[in-house]
Amino acid sequence: MNKTKKLTLISLLVAQGLVLYMFERMLPLPFITPGAKLGLSNIVTLVALYMFSFKEVLLIVILRVILSTLFGGSLSSFLYSIAGGLLSFVAMYFVKKLGQDNVSTIGISMIGAVSHNIGQIIVAALVIQNAMIVTYLPILMVAAIGTGFFVGITSKYLLPYIKRIYG
Amino acid sequence: MIILYYVKITIKLVILEMEEKMKKLDKIIVASFVIIAIVLGITFKFAFNKDYDNKYIEIYVKGQLYKKVSINDNKVKEEIDIKTDLGENIVQIENGGVRIVDADCPDKVCVKDGFKDKVGNVLVCLPHKVVIQIKGQSSENEVDEVSQ
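Sequence lines, in order, name chains A and X.
Everything in the first sequence is counted per the numbering used here, starting at 1204 for the first residue and increasing by one.
Everything in the second sequence is counted per the numbering used here, starting at 50 for the first residue and increasing by one.
Misleading hints may appear alongside valid ones.
Stated by the list, open to error - Straight-line C-alpha distance at most 27 Å; calculated DSS-like pairs for lysine-lysine: (1) X/K61 <-> A/K1359; (2) A/K1300 <-> X/K73; (3) X/K116 <-> X/K161; (4) A/K1359 <-> X/K73; (5) X/K57 <-> A/K1359; (6) A/K1299 <-> X/K73; (7) A/K1299 <-> X/K57.
What the hints assert, rightly or not - Far from chain A by the CB rule (all over 10 Å, computed), these chain X residues: (8) I51; (9) Y54; (10) I77; (11) L89; (12) K104; (13) Y109; (14) K116; (15) K126; (16) D130; (17) I131; (18) T133; (19) I139; (20) D151; (21) N170.
It should be emphasised that the hints constitute simulated quantities derived from the structure, not laboratory data.
Note that CB positions come from ideal geometry on N, CA and C, so glycine has one too.
This is chain A alone, in the form it adopts within the complex (with noise of 0.2 Å):
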């Protein structure tokens, strides 16, 4: 993949990223837990993972957050979502790299939701200088599983077609 192309791809990526948050947004609150979300964003964050090596798809992360929150967001709002995008994407580029070929989309973007969660909560609990809100992870947890596994198979779904058209 020849430069032009790369920036190209990113900024695409990007873009996708920031379309997915605003109709995240726009949707009804499927869930009675607060904090609980589908995480279409993640899918951007997916397909990047195997597409690109980590600086560059940490770049991704970080202008999307940037990017989200000037588009609807506030500094607190910025807080959750950059300690949740970043480890997320940690946590994914790990397993990944330790699961190799026993790892599908469907796993790795479970253990994203999932450490999209905790990096939100420790946040939280830090911002508001109490400690139970850990209270609230469980339930954020089942949650996470039913989302990861939707968002998981989505990215695997859509990879093949990306990767014909950049490949």
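Assemble chain X onto chain A, guided by the hints.
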């Protein structure tokens, strides 16, 4: 009936997908998540679910104790207004429990979170940095058993 049929087909497809597409490590990840979630859930539930003679709530704003109110079962309705520079939350106490009835934050997650009456439960309003914690005291030892 038709809806049920579609639901059935969807479930079948999901199961097929799970069997075909998921690899070894995927299944381990799912299993370990389920186990961890159940263990954590049970731990949290039992750690705080003892018999308490005296239940009270502690309201924290920005990590500092704002107010302490007793919420025993026979209490009549009581409303507390939490006003800070970050915003306003109205807390209602009734039937030995507590709920946030109104807040001027944009998402109102704390209002949707509803009614809580078990020791160890928390209500959180992130934008206003408000935490309401239900605590208990048993008569045998006068020490607060819920640690932070």
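Okay, the hints, checked on the actual structure:
A C-alpha spacing of about 19 Å is found between X/K61 and A/K1359, which places the hinted pair at or below 27 Å, so the restraint holds. Between A/K1300 and X/K73 the CA atoms are separated by roughly 15 Å; this keeps the pair inside 27 Å, and the hint holds. About 22 Å separates the Cα atoms of X/K116 and X/K161, which keeps this hinted pair within 27 Å; it holds. Under the criterion of a C-alpha separation no larger than 27 Å, the hint pairing A/K1359 with X/K73 is consistent with the structure, at around 16 Å.
At roughly 23 Å between alpha-carbon atoms, X/K57 and A/K1359 fall within 27 Å of each other, so this suggested pair holds. Restraint check for A/K1299 and X/K73: the C-alpha separation of about 13 Å stays at or below 27 Å, so the hint holds. Restraint check for A/K1299 and X/K57: the C-alpha separation of about 33 Å exceeds 27 Å, so the hint is violated. Distance to chain A confirms X/I51 as a non-interface residue, since its nearest Cβ pair spans about 23 Å, more than 10 Å.
The beta carbon of X/Y54 is kept farther than 10 Å from every beta carbon of chain A, the shortest such distance being approximately 21 Å. The non-interface label for X/I77 is inconsistent with chain A: the shortest C-beta to C-beta separation is roughly 8 Å, within 10 Å. With 10 Å as the threshold on Cβ separation, the claim that X/L89 sits away from chain A is violated: the shortest Cβ distance comes to roughly 4 Å. With 10 Å as the threshold on Cβ separation, the claim that X/K104 sits away from chain A holds: the shortest Cβ distance comes to roughly 16 Å.
Its closest Cβ contact with chain A, about 6 Å, brings X/Y109 to no more than 10 Å, contrary to its assignment away from the interface. With a closest Cβ-Cβ approach of about 15 Å to chain A, X/K116 is found to remain outside the 10 Å limit, as its non-interface label requires. Its beta-carbon lying about 25 Å from the closest one in chain A, X/K126 satisfies the requirement of being farther than 10 Å from that chain. The beta carbon of X/D130 sits about 19 Å from the closest Cβ of chain A, which is more than 10 Å, so the claim that it is off the interface holds.
With a minimum CB-CB distance of about 13 Å to chain A, X/I131 clears the 10 Å threshold, and the non-interface call stands. Listed as a non-interface residue, X/T133 keeps its Cβ farther than 10 Å from every Cβ of chain A; the least gap is roughly 13 Å. The Cβ of X/I139 lies farther than 10 Å from every Cβ of chain A, with a closest approach of about 18 Å, so its non-interface assignment holds. For X/D151, the condition that its CB be more than 10 Å from all CB atoms of chain A holds, with the nearest at approximately 17 Å.
Taking the minimum C-beta to C-beta distance to chain A, about 8 Å, the non-interface status of X/N170 is violated against the 10 Å cut.
Hints 7, 10, 11, 13, 21, counting from the list given before, are not met by this structure.
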